[in-house]
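Colleague: The whole structure should be built from the sequences, with the hints applied where relevant.
As a plain string of letters, each chain reads:
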Amino acid sequence: MTVAKTVARKVVLRFPHRLVDKPIIYRLVKDYDLQFNILKASVTPEEEGLLILELSGSKKSYDDAVRYLTGVGVELQPLVKDVFRNEERCTHCGACVTICPVDAFVVNPKTRVVDFHETKCIACALCINACPVRAMEVRL
Amino acid sequence: MTKSIAEINEKIAKGQAVVVTAEEVIDLVRKKGTAKAAKEVDVVTTGTFGPMCSSGAYFNLGHSQPRIKAGGGQVYLNDVPAYTGIAAVDIFLGATALPDDDPRNRSHPGEFKYGGGHVIEELVAGNDVRLVVNAHGTDCYPRRKIETWINLQSMNEAVLFNIRNAYQNYNVAVNLGDRTLYTYMGVLKPRLGNANYSTSGQLSPLFNDPYYKTIGVGTRIFLGGGVGYVAWHGTQHNPGALRTDKGVPRRGGGTLAVIGDLKQMSPRWLVGTSFLGYGATLTVGIGVPIPILSEEILEYAAVTDEEIIAPVIDYFEAYPQRSPEVLGEVTYAQLKSGSIKIKRKQVPTASLSSYSRAVEIATTLKGWIKKGEFRLTEPVAPLPGVESGIIIKPMQERPLEKEG
Ligand code: SF4
Ligand code: SF4
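Line by line, the protein sequences are chains A and B.
Per our numbering, the first sequence starts with residue 1112, numbered consecutively.
Per our numbering, the second sequence starts with residue 10, numbered consecutively.
Keep in mind that the hints were calculated from the coordinates and are not lab data.
The model shown is predicted, which means the values in this text are computed figures rather than measured ones.
Any given hint could be a false lead.
Unchecked claim - Capping the alpha-carbon separation at 25 Å, the derived lysine-lysine pairs in PhoX-like fashion look like this:
id, chain 1, residue 1, chain 2, residue 2
1, A, 1171, A, 1121
2, B, 350, A, 1221
3, A, 1221, B, 345
Modeller: So this is what it looks like as structure tokens:
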């Protein structure tokens, strides 16, 4: 008897507006037999939806579910381990402030210095390529 | 009250000049009034630190043995192509140049990790850079190929020459569409998800001298951490832009072309930059000193973020289609508050230009002047002003096929 290989992955899902009210997570459970843990969800009525999940189940159903998700137009990105800021490189422009879904970047209203609150960061990696000088890095 | 630049320079030489930043002058004028403050203050220093695409540098590589004529051939610096359409070993490297094999936007949005701006940053940092030259070979320049390491010190001239920097004002970019946009104004989230702006407002050089009364050709400036000069007005200089009652442009406005010896600049103030889905560029630090020659000039230099207005432009439809539609106007004070209201929606704002580093530039320049290390220059020619009647022209396309 072979035991199906199981996986548990943390992933960032980005939904375009048209999918926000579709029962996608329900299908992950029902059709693909995955279990999920919501780590963070933000769906504002006028923007795209953002969901950070831990998905677990058999490797095969996980792979099928990923195919299903990307097929319907959900952008899927694995959650990286740890994100940090290269302090030497950061210019404190502030471009990351509206990119981060959990407000880990805060502009000091007086000095305009951009503080990075590492403890808030959920390592979704959205800021990595959005930072114009690429000061945000993934620790491997 | 009037002063001359020569008088101010005498005070600088004696270490007696009163120098304040464009931020400090605001409080000073509030406390003392314009007349008194104008008498006291000799120089107001400004600063800006943001991505500026029309930047680049020219180099003289020195002659190899045997000689090679790069002119008309191909030159690469760390795989980034430079322009060779000039003499044998002179080349120009633009900030937005990309390696031939960069995937660009083939898989959208492209990352644009390394381009001309990054090469400039590495050179300024003192790093060795891989030079490859392919040439056609001539009787006087027989060599056809060179591959070697070079650095800034091994070159004869290395000159930063930016043909458009320090835009007087700039658009606030938003996205009315339903997909994320990847632009030179950063990542714009759909349905007014964010609003990006890119000037240092009350600290920005041309906001503090809106009619170019002191800044002209030959003005000595802080450039990339060293000393540079205003070479000319920048491309797309548009003095005829719509202005407020106090003369502050409410649209793009004026620009500067600047030049300076790259060898004395620093990688802290010339930073290779990558706009996701758009391209590579260079973030440039510029600071311009404004001599307070009269009360009027001080009044301009005391401009505040509340008095500076920028247009909000949709980058989904209006900008790419060059439609003149402006969604609204906002002040820099509103932009810096963290959100603005557009179409009855509260939209979070973000800056692409670093205000805190602009403060650092203005403060550094202030220090140089106070220590007597930096003298002011008399412009040798003015920048075209409102009276020039210059208004930027769009392209008029004409079919290449002639009829009949
Ligand atoms: S976008 Fe990058 S450089 Fe700008 S403040 Fe954020 S981390 Fe720093
Ligand atoms: S990875 Fe970047 S965008 Fe994502 S939560 Fe952390 S700081 Fe915010």
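Colleague: State for each hint whether it applies.
Modeller: Results of checking the hints against the structure:
{"no.": "1", "hint": "A:1171 / A:1121", "in the structure": "holds, 16 Å"}
{"no.": "2", "hint": "B:350 / A:1221", "in the structure": "holds, 22 Å"}
{"no.": "3", "hint": "A:1221 / B:345", "in the structure": "holds, 10 Å"}
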